[in-house]
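Novice: Sequence:
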Amino acid sequence: MTAGDSYHYGDQVNVHGSHNIGMIKYQSADAHQQIGQLVDLVTRLRGQVPEAAVQVIDENLPLLADGTRTPQDRYRALIALSTIAQTVGEVGRPVTEAVRRVLQLLGFG
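Quick note: to get this note's numbering, add 995 to the position in the sequence shown (first position is 1).
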């Protein structure tokens, strides 16, 4: 990086005035549907992974399903779920592919 270079990732929000409490973000119906499918796939995968992976799934699945979470929370949850799916091989492939689709729909891919 050289002097004067500037990089920006994510949303830029300018807030003026007082009593501001946050930003409302909307996700497409397609993203909502894809997240629902991913939740179903991860729930099925949960019964086929070691106990340590079950704990990671249980910690991260609510972060994904809860639309009020920050984009960073959802991103971390998606990456954690994808990592578990990749470690179990072929049985986890549908989850890995679903995570990829959701990441793209949420603007991370």
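Simulated from the structure, these hints should not be mistaken for lab results. Any given hint might turn out to be false.
[Unchecked claim] Computed spacing ranges between beta-carbons, pair by pair: (1) 1065 x 1085: 18 to 24 Å; (2) 1102 x 1042: 30 to 36 Å; (3) 1085 x 1049: 16 to 22 Å; (4) 1074 x 1042: 20 to 26 Å; (5) 1039 x 1068: 30 to 36 Å; (6) 1064 x 1084: 16 to 22 Å; (7) 1063 x 1035: 18 to 24 Å; (8) 1025 x 1046: 17 to 23 Å; (9) 1085 x 1024: 27 to 33 Å.
For each residue, glycine too, the CB sits at the ideal point set by N, CA and C.
Novice: Indicate, hint by hint, whether the structure satisfies it.
Specialist: Evaluated hints:
no.: 1; hint: 1065 x 1085: 18 to 24 Å; in the structure: 33 Å, violated
no.: 2; hint: 1102 x 1042: 30 to 36 Å; in the structure: 31 Å, holds
no.: 3; hint: 1085 x 1049: 16 to 22 Å; in the structure: 19 Å, holds
no.: 4; hint: 1074 x 1042: 20 to 26 Å; in the structure: 22 Å, holds
no.: 5; hint: 1039 x 1068: 30 to 36 Å; in the structure: 23 Å, violated
no.: 6; hint: 1064 x 1084: 16 to 22 Å; in the structure: 29 Å, violated
no.: 7; hint: 1063 x 1035: 18 to 24 Å; in the structure: 21 Å, holds
no.: 8; hint: 1025 x 1046: 17 to 23 Å; in the structure: 34 Å, violated
no.: 9; hint: 1085 x 1024: 27 to 33 Å; in the structure: 31 Å, holds
Taken one by one, the earlier hints fail for this structure at numbers 1, 5, 6 and 8, listed in ascending order.
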